[in-house]
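Take the two lone chains and join them into the complex the hints point to.
These protein sequence lines map, in sequence, to chains A and B.
The C-terminal position of the first sequence is numbered 494 in my numbering, with every residue numbered one higher than the one before it.
The C-terminal position of the second sequence is numbered 357 in my numbering, with every residue numbered one higher than the one before it.
Worth flagging that the hints you see were computed from the coordinates, not collected in a lab.
C-beta: ideal position from N, C-alpha, C; glycine also.
Check the hints yourself; a few may be wrong.
Claimed, not checked - Here are the simulated DMTMM-like cross-link-like pairs (lysine to aspartate or glutamate), alpha carbons at most 25 Å apart as the crow flies:
1. A:Lys-402 / B:Glu-296
2. B:Lys-279 / A:Glu-318
3. A:Lys-402 / B:Asp-173
4. A:Lys-178 / B:Glu-226
5. A:Lys-402 / B:Asp-134
6. A:Lys-402 / B:Glu-58
7. A:Lys-402 / B:Asp-267
8. A:Lys-402 / B:Glu-226
9. B:Lys-279 / A:Asp-361
10. A:Lys-402 / B:Asp-166
11. A:Lys-402 / B:Glu-218
Said to hold, decoys possible - To spell it out: a stretch of chain B is covered by chain A in this simulated footprint if at least three of its residues, at any positions, have a beta carbon under 8 Å from a beta carbon of chain A; those stretches are:
12. 177-191
13. 212-218
14. 237-244
15. 252-266
16. 276-284
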Amino acid sequence: MSTASDMECSLLSVKAITKIFEASRSWLGGRRSSVRAVDGLSFELKAGETLGLVGETGSGKSTLGRLILRLIEPTSGRIIFDGGDFTAKTTAEVRRMRSDIQMVFQDPYGSLDPRMSVGDLIAEPMIVHGQPRAGIPRRVAEIMNLVGLDPRVAHRFPHQFSGGQRQRIGIARAMALAPKLLVLDEPVSALDVSIQAQILNLLREIQRRTGVAYLFVAHDLAVVRHVSDRVAVMYLGRIVEISSRDQLYGQPGHPYTISLLSAVPAANPKLERVRQRIPVHGEISSGTAIPSGCRFHPRCFRARLVAAAIPAEAQPFGEHAVPKRCVEQDPVLADVEAGHQVACHFDARYDGLTKVSLSTPK
Amino acid sequence: MPPGEKPDPGQVEAKHRIPALAVRGLTTVFPGPDGTFPIVDDVSLDVARGETLAVVGESGSGKTMTFHSVLGIVPHPGRVASGQALLDGVDLLKLAPHELRKKRGSEISIVFQDPLTALNPVFTIGDQIVEVLRAHTRISKAAARKRAIEVLARVQIPDPHRRVDDFPHQFSGGMRQRALIAMAIALEPKVLIADEPTTALDVTVQAQVLELLRDLKQETGMGLILITHDLGVVARYADRVAVLYSGRVMELGSADHVFDQPRHPYTSALFKSIPHLDTPAGSDLTPIEGQPPNPAAPPLGCAFEPRCFVGHGDQLCASKPPPLEAISAGARLTRCWRWRELDDMSRAAS
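In isolation and in its complexed conformation, chain B is listed as follows (with noise of 0.2 Å):
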């Protein structure tokens, strides 16, 4: 262990975890003008049961598509080129599409950011629910929606009942995404994906929702991963977090790890860009100048290259793209050839 570094009492956990899902050299492409470039690249994660994996990252950073190769709707003409992505041990990616159709909804489903645009506005509620009960499960009409009421009543839909009869344009917005969390969680999946699903709320709305999914996979287990651009939300709600940029994982690690001591140069830059709400008020922001690169034509080296603050115009970082390290005893991976400069740094800055 480098001198400095504090122990990492995940590191123990880290062996014994059993994750729910695994995600193995997870590699997208498009077809770009020049052959195909990767959207999602050699990307690796997991999330064990019972746990909250944030993932987090600008928009482009690939966050969304990880899942939606996962889930094996990636939008033509892109597809997955290599990897894996085990849901309890069998590789989501070979399942032929009837198969993987079957898992979906039931064993592994997907809230999406706009809860609007997800339901289907001329059925009710109640319908959308059930189909998706029978499209999985052989159950009677009857059954099915006794079981809707019941999921609509877990996620706090007032008067379950009545509501379940409503269409969505009679839900305010918080209720629409408790209903999609309802029809969701319906058949109880092992993993649950929750992409950016409270960015369309209110604030007071989003802790509703979210302590809602916290309290869901504390009850069932499931391992939920929270797809968000909110460090904020990451703080409050995650166990382990995620850092993508332009389609690589760049740092993964427990939440208080990574937000006590960064160990990637990105994860660090984006902590300085934003307003904190316990740092004194007024403080000037530290911009990460520039923009993320091209996913058609990216850097030779490390894809935040151009963008860093440590390793800009460095020879090695411009030339060859660090590989992912586990470091602390395999707790925590970075993809960085220069994290052990980020200490020096901070303490050189305060």
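Bound-form chain A, shown alone (with noise of 0.2 Å):
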């Protein structure tokens, strides 16, 4: 768990965040349901490090990120950022503390008005925010020189530009204020493979120089690990698993983020000869249904494995057998090494896996 020295220097703390959306009744006279997006979900992110956040459709990402930049309202929990309490201030104070937390869209092209040129949406941030106005130019000009885009290129419009370009410039936009923190959904993932690398080092670059931190938010397992300090693996609205990056991809202990790693294929024919996959079970629940006890067990291996050893725990399941505890007993995340933290009742001990890691550490 944080120790004091952690939280003196978390620039973000959420605790126990909850967003539930409340479906209103169908027109059909169906019974009403509500969806637990995010649900009770803690974690620290200190200032200019990179948190990546991985999980896959339905597993609350895209609404923490959300949450985070207040642009939705937590049902319950708080949002410390910076020393405040970001989840307290009124409207126009958090309109004011925006500006420090900015946020980079998957799709960039979506995200920028056609009708302006480069230089008027850079600089559309800072005029909203009151800077003065005289200095604006000069700024732009900073900022494109940040993003890797020539300042006399100012004048043209959006779609003059290619895909690669245009995510320059929508970093460019979440960069004009000098925040403290990005949110970053899914920043490479509309992008060429050849492009995706530019925008990779060149985020890499801005925080060198900038210390800005990232909360990088992607499916892409090998993209999260090039860019991030740690990792946070999210199911169904709650982190199962968050820990340091070489310890989450080489030593994953929650069996969602053991099937979760071994399903990605490595670009290297030779090690996926070898390598064993280890498959989820069915298809995700929905927020709407959350398993009871560890929101994971109808889809767990591990489970499954543990079950079948020890008899006395088993319960039936389906066709198979998990464990009382998993059914009956919500996990909490706790530490099993330092600084890596797994909300699972069992340990990797009944998993009998070999060749797990992808890390091939030289």
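See below:
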């Protein structure tokens, strides 16, 4: 768990945040259902750090990003940013604070007004936040240099740029107010692989020069490994594992992380021939009907292995059996080693896996 | 064989492979301001029965258009200008539209990238499979429905007797993609083309779908063409790989050899530009600088020359397009004037 010194240097501290979307009653008079998109989730992010956030569709990772920007209101929980309670602020205060937290979207084209020139697009946040007009052109040129765009193209419009350059414009807009935190929502997944590398290197360079922290939301586990200092894995609105990058990719602890990593093919045919894929069973449950106990138990390979190894623990589940504890008790994130937390009742001793790790450190 | 080159075990088999689909010198053009320009430029590749050929490339590389040309579904005003597409020896490009329609969906099928737009939202999944079956074979409605349930079960749709009457929106993304695969394999085609079949899916679902395709290929002996941009997918599932750039095949060979020892600078640059899961984390990536060429105004010489770390500025590379050259006794093809220098360069770098 976080120590007092960790708390002091946290830039962002998310405490037991929950977001429940209430669905309106359908016109056919069906039962009113609500979706727990983010469910009592907590984590810390230090200044200048990159936290990778991975999870599949329905894991709540995008909702979490929007909660942190306070684009949507949490149902409960608190977000402490830079020492102040972001969740308690009034709308006007939030708007002021937002200059410190900015967002980069997946689709750079959809997030840029096609009728505004690049220079105007980058200047807009500065004008909105009341920066002195006189200094703006110089700042725009500085930011364009920072993101690798020639300031002489400031008069051009978004459609005159390629996908990679548009993402540079999106990053320039987000960096215009010198934020302390950027929430990057799938920033390279719409780009071709040769262009992805340009943007990933650029993000690293910007961080080196400005000290901005990143919350990097993505589904590509190789990209997340490349950019992150720490990584959090989300499943159905919860963080199920969080640790340093090398611990997570080298010794994944949660069965979901293990399955997820084993599903990603590495670009190496020889390695692929010896790797074992550990399947997740069935389909992801929805946020409207979260399974009892551990929310991952219906899909978990470890639960089935434990039930087979310790019959006293087992209870029937479909054609299989799972441990009673997995069905009845919701596991909490607990330390397995320093800085590595996993939410699972059981450890890896029942997994019987030989080739889980992807990393082959030299 | 040049010094330093490993013998390629694929070369013996290469001579005896009987392709299920063989594309030869395929060129597809679109009208431009100054006459026509090629989107697919002299593409040759093939897939044997029971084999997976991955076709890799970035957007605009012509990887999708190559197979739309083969299937006769190039959008207007594009047209196939020359070449052959031999399916078990029959040139699909010479067939009359009604003859080609008969082959499409029965002997050669395609699974599109986006399963939601490829399915009709107002018909049930079962109706759509039955429609495909009855368009190609004389089969009663009842028998077709029975077959639809069979293929849904084969692609691991749970409870297929009930789900056959579901509408597409009642299926998850992964199930929709599997339903499309069911439709494509219902008539046991000789060749199945899967165009980015898992790009829209989560990684765990992606693995399920690709494993399903691999199993189906092994069971039925069809040739599988996997169009993708994901080099990890190629490494895990492909026997052979064709690398496309700017409408041209740049390199073709067995997946092992292409990954191990790229014979084209573009392939090599592509590997260096992506973050790998099996190398130490955090090292800097080497991006490919610049942009792919505009197809309406391609470079005079090699399409990759302006971005190439070997041949950029070279007079030959910049003035004359290299031919697709057979190397390793025909087991591999490369379209590069200077591929021999790649080994020396990677040795110098390491």
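Hint check:
1. At most 25 Å may separate the alpha-carbon atoms for a hinted pair to count; Lys-402 of chain A and Glu-296 of chain B exceed this at roughly 29 Å.
2. The straight-line distance between the Cα atoms of Lys-279 of chain B and Glu-318 of chain A is roughly 21 Å, inside the 25 Å bound, and the hint therefore holds.
3. With a CA separation close to 41 Å, the supplied pair Lys-402 of chain A and Asp-173 of chain B exceeds the 25 Å bound.
4. Taking the CA atoms of Lys-178 of chain A and Glu-226 of chain B, the gap is about 52 Å. The hint is violated against a cut of 25 Å.
5. For the suggested pair Lys-402 of chain A and Asp-134 of chain B, the alpha carbons sit about 43 Å apart, so the restraint of at most 25 Å is broken.
6. This hinted pair checks out: Lys-402 of chain A and Glu-58 of chain B have alpha carbons roughly 18 Å apart, not beyond 25 Å.
7. Taking the CA atoms of Lys-402 of chain A and Asp-267 of chain B, the gap is near 9 Å; set against the 25 Å cutoff, the hint holds.
8. Taking the CA atoms of Lys-402 of chain A and Glu-226 of chain B, the gap is near 24 Å; set against the 25 Å cutoff, the hint holds.
9. Pair hint Lys-279 of chain B plus Asp-361 of chain A holds up; C-alpha atoms about 21 Å apart against a cutoff of 25 Å.
10. Only pairs whose Cα atoms come within 25 Å are accepted, and Lys-402 of chain A paired with Asp-166 of chain B is rejected, the gap being roughly 37 Å.
11. Of the supplied pair hints, the one linking Lys-402 of chain A and Glu-218 of chain B holds, its CA atoms being roughly 18 Å apart against a limit of 25 Å.
12. Check on the region 177-191 of chain B: 4 of its residues sit with their Cβ under 8 Å from a Cβ of chain A, so the three-residue criterion for coverage holds.
13. With 5 residues carrying a beta carbon less than 8 Å from a beta carbon of chain A, the region 212-218 of chain B meets the three-residue requirement, and the given coverage holds.
14. For a cut-off of 8 Å, the count of residues in the region 237-244 of chain B with a CB near a CB of chain A stands at 8, and the three-residue condition holds.
15. Counting residues of the region 252-266 of chain B whose CB lies closer than 8 Å to any CB of chain A gives 3, which reaches the minimum of 3, so the coverage claim holds.
16. A count of 8 residues in the region 276-284 of chain B with a Cβ less than 8 Å from any Cβ of chain A is obtained; the coverage claim is therefore met, three being the minimum.
Going down the numbered hints, you'll see the structure goes against 1, 3, 4, 5, 10, while the others check out.
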